[in-house]
Each structure stands twice: as C-alpha cells, then as structure tokens.
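Colleague: Using the sequences and the hints given, assemble the complete structure.
Heads up: the sequence lines are chains A and B, in that order.
The numbering of the first sequence is my numbering, which starts it at 15 and goes up by one.
The numbering of the second sequence is my numbering, which starts it at 1085 and goes up by one.
Keep in mind the hints are simulated off the structure, nothing from the lab.
Quick caveat, the model's predicted, so the values are computed rather than measured.
Wrong hints could be hidden among the right ones.
As the list claims (entries may be wrong) - Straight-line C-alpha distance at most 25 Å; calculated DSS-like pairs for lysine-lysine: (1) B:Lys1156 x B:Lys1322; (2) A:Lys254 x B:Lys1156; (3) A:Lys283 x A:Lys222; (4) A:Lys222 x B:Lys1303.
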Amino acid sequence: MLPTNLEGPVAGVSRSAGVQLAGTARSLASGLHAWLLPAASGIFLLALWQFIVVFARPLPTILPAPGSVAIEVLQQAGQLAAHAVPTGLQALAGLALAVVVGVASAVILTTSRLAREAVYPLLLAFQIIPKVALIPVFVLWFGIDAESRIIYTMFISFFPISLATIAGLGSADAGSLRLCRALRATRFQTFTQVSVPYALPHFFAGLKIAATMAMIGIVVAEFISARQGLGYLILTGASKLDTAFVLAAIAILCVEGLLLFGTVALIEKVVRNRFAL
Amino acid sequence: MSIPVSVTASQTVNSGQLPPRRGWKRARSLWPRGGLGGTALAIRPIVLPILLLLAILAFWDWSIVYFDVSPKILVGPWTILALIREHPELLMPHLQQTALETGLSCLLAIVVGLVVGVVLGQSSFLRRAFYPHLVTLQVIPKVALMPLFITWLGTGAESRISFAIFMSFFPVALSTMVGVIATPPRFIVLARGLRASEWQILSQIRLPFALSYIFTGIKVAVTMCVTGIVVGEFVTSKSGLGYLIVFASYLGSAGVAFASILLLCGFGSLLFGIVALAEAIFTRWYPTDARRN
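Modeller: Laid out in structure tokens, this is it:
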C-alpha cells in the first residue's frame, strides 16, 4: 500500500503534512514512475501471454505467441504497408472533412440562435443512435469505393467535433465579451480574439474523440465493403484462420490509430503554446 | 488565461456612453437567455426542433416523389413506417434477437466496468500500472478485434456478446475509477475516524459520490454496446437487425434496411432512456446537494 492510503484516526491530523510530503516525493518520482510501472505491467502481460502459449500450447489459430506475431509483422511488412496506407489516408481524409464541416456547423449554430435552437437538440439526439448501422446505406448510396468510406468516416467523426466546438464557442467568459463590446470591438474581432481561443481546448477534446472514431469508422466500413485496407485484411485473415496475421494487421492498425491521436495531441500542444492557454 | 484584445485606445473615446444600439442588440444573443420574451421564448427550444424535423420529413417525402428516387436507393418516411406496421413478422424476430443480446451485454458490461473501475479506484498501485494501458485501449480501434472473437468463440451469440462487453466496459470502468477517486477526502477521513470498514466507505460514500460519473460512463457504454452487437451481426450473423440491414441493402431493398435502422435507433434510444431514468431514480435516493457539499 502507498502512503496516501492513510488509515486510522491519525489520518486526519497528519493528512495535510502527509499530502505535502507525498506531493514532493511524487513529483520527484512521478517522472520515473509514470513510465516505469506501465512499461513493467505491459512487459509482464506480454510475458504472461508468451508463457501461456509456450506451456499450455493452444492451437496457433486460437492464440499465437506474441513472438510469432512480431515475426509475422516483419515477414509480411510489404503487404501490411500496402494495405495500411489507404486505411490511414482515408481516415485522415474523413477526419479532415469532419473538421471542416464540424467547425463550420458549430460557427453557424453559435452565430444564429434560431439555427441553434432548431438543430442542436437533433444533433444531441443523433449522438445516441447507433450510427454504425448506417454503413450499409452509405455503401448503397456511394458505392463500394473509397468515397463511401471517407464520407461515412466524416459522418461519424463530425458529431464530436461539432458538439465540442459549440460548447467551446459558448464558453467564452462573459466579462471578456462585455469588455469587447464596451471597447467597440467588431463582432468578427470578438469572435476571432475571444471566442476562438476559449473554444480551442473544447475543439481539441472533440477532435481527439473524432480521431478515434475516424479509425473505427474506416475499419467497420472496410469490413463491409472494401477490397483493400487493414479492415479487409483482418476479415480475410480471420476467415482463413490465420490468427497471427490478423493480430499483426491489428497491431499495425493500433499503431496507426495511436499515430493519428498523437498527431492531434501534438497539434493541440503547439496551438495551446501559441495562444498561451 | 490571457485573452488578446487588440482594440486601440482611440476606439474607447466614447466610454461612459452605452455602445450603439445595434451593437448592443447583436451582443445580446451571446448572453444567457432570459427576461426578453416570456413564454414565446421558453417554448422555442422545444417547438423549433420538432418543426425542423417535420420539415425534413416533409422534404424527404416530397423529394422521393419529385425526383422519382428508385426504391433501391431510398424510400419515403411513410413507406418505412408502413413497412414496420404491415410486416412485423419480417422485422420483429430480428429486433428481438438484437435487443436480447444488447440488453444482456449491457448488463454484463456495466458489472465488469464497475468491478474494474472500483478495483482501479481503490488500489493506486494497480491504477498506476494499468491506467495508461486502459487509456491506450480507448484510443485504438477496438472494433478491429471482432473477427478474432469469431475465431475464439464461433459465429454464435457468445462472440457478439463478449465483443460488445469488451467494447463497452471501458467507459464504465474509466468513469467509475475517476468517480471513486474524486470523493471529497474529508468524508473518508470522517468515516475512518468513525471506524468504518473499507467496504462501508466504498458502498456508502465512494460509490454514491461517484454516481453521476458512473452514469455518464454507462450512457456512453449503452450506445457502444448497440454498436458492438450490430458490428458483430454485420460480420457473423444469420439473423438480427445488423444482418438484416446488410442483407437488405445488398438486395437493393432500401425500405427493409431503413425500417431495421429505424427500429435499431428506437431501441438504442429506449436503452438510453432507461439509463437516464435509472440515473434520475438513483440521484433521488442520493440527493445531489448532499453529494456536492
């Protein structure tokens, strides 16, 4: 047990001092701890997996060893890369379109009260319905090529961006807005220099959710329609019971998802620095 | 936080007067509403979305006739409703299967999520070791694992239900963990002073305080559960609404596909409503004021 888990009646008395001590100790140790423990548990899980495979000997179609998955990644690198590129590019294209449409809709909805009151509840309602059910319809409308997947990806990642940006544009400090009005700032000035900086953290929170949704959207769409892409590779690999290959493709997909998410987080950091948020 | 306001001093000459009327009216809309128009304004947020929805439906219906859209691509809203009313024998067995599987996986996901969340909330060692992995798992597209579940558990309901649990327990676990940690420490100190056991502290202080967090997670999980089951049905199934949607759209029967989608949306909203109702009941048991103090 760690020192923060104080027990007994002494806890109340020594708490503040204990917390301060623990705080300084943590700030020293956290840099190390934050990486060490997750890394150790990750390695432990991988080792456990390898151990189970070596000793319990399940069928390789059920559970291949992590080692053989790694070998599969290296051996099939060319094929995996050939399918990873369209998946990544299409997710990126869908996400980029979603940013444009999401931000534009948020600006319109915050500017016009009529539009906000009419559309916003419907946007919220759309959040709860299972949008994944609509993929076959997108295939029906836009064909089985990349367009239908990109449009679907845009469709599902649009919602978090739009909702978060609406919340962000509405979150500007009332005092700052009043100050701008008193200083006779134009509506455009107020928007770009007060509302937008206030909205940025919300926008990026939405964008992060959208980035994960974009990967989900593209993969499910590839399950349904594609003849290329990692989703297609996973599905065909599974139907051939080539589990090591499926896991290799999933690993590449995870790397792509993390790269997309990491890029968004990096952009957020740069922008936040720029606006001193 | 510094907000850059690039308005030069010369523009502030007429300070002391109110800004011009036009500017005032414009800026008004940024303010929280109230006081301006009484009941006409109060019902607007309810009436406007309904009007818009009706307008969209009317336009949809009109454009089907006007542009002579093929029934393979899209059918009118009334055709969809008529299809549901006239052919329940076609749709209901599929709805029943999807509803049962979703309901079951929701319940199990909530249980698993609560257990994982409480364990991670209680043990800071486990939390530090596994929380980063949980966050990473949130970011990666878990849906890609669906074919593996088929390899492991076959094409029956087991694979879909376990996949849906796998998809949807994360939000419950994360929000429960955050909620359990976020309990105001003085209540815990008090309870320890009164020699409450760890279990008593958990069940009577930490969990009631975490309720709003937990329900936020469950609301996300419910939608993910439906998604999980439907994706499972896309890939594996020979029945269920997900199967029916894919099958009907391959056959070029947009009516059946849209009827299934409508039923699925209705069922998803129903589940969401049940969770919202449960939240209202639980919050009544543990009033919000008490939790806030």
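Colleague: Indicate, hint by hint, whether the structure satisfies it.
Modeller: Hints and how they fare:
1. Between the alpha carbons of Lys1156 (chain B) and Lys1322 (chain B) the distance comes to roughly 22 Å, so the proposed pair stays at or under 25 Å and holds.
2. Proposed proximity of Lys254 (chain A) and Lys1156 (chain B) is contradicted: the alpha carbons are some 33 Å apart, above 25 Å.
3. A distance of roughly 12 Å separates the Cα atoms of Lys283 (chain A) and Lys222 (chain A); the hinted pair therefore holds under the 25 Å criterion.
4. With a CA separation close to 19 Å, the supplied pair Lys222 (chain A) and Lys1303 (chain B) stays within the 25 Å bound.
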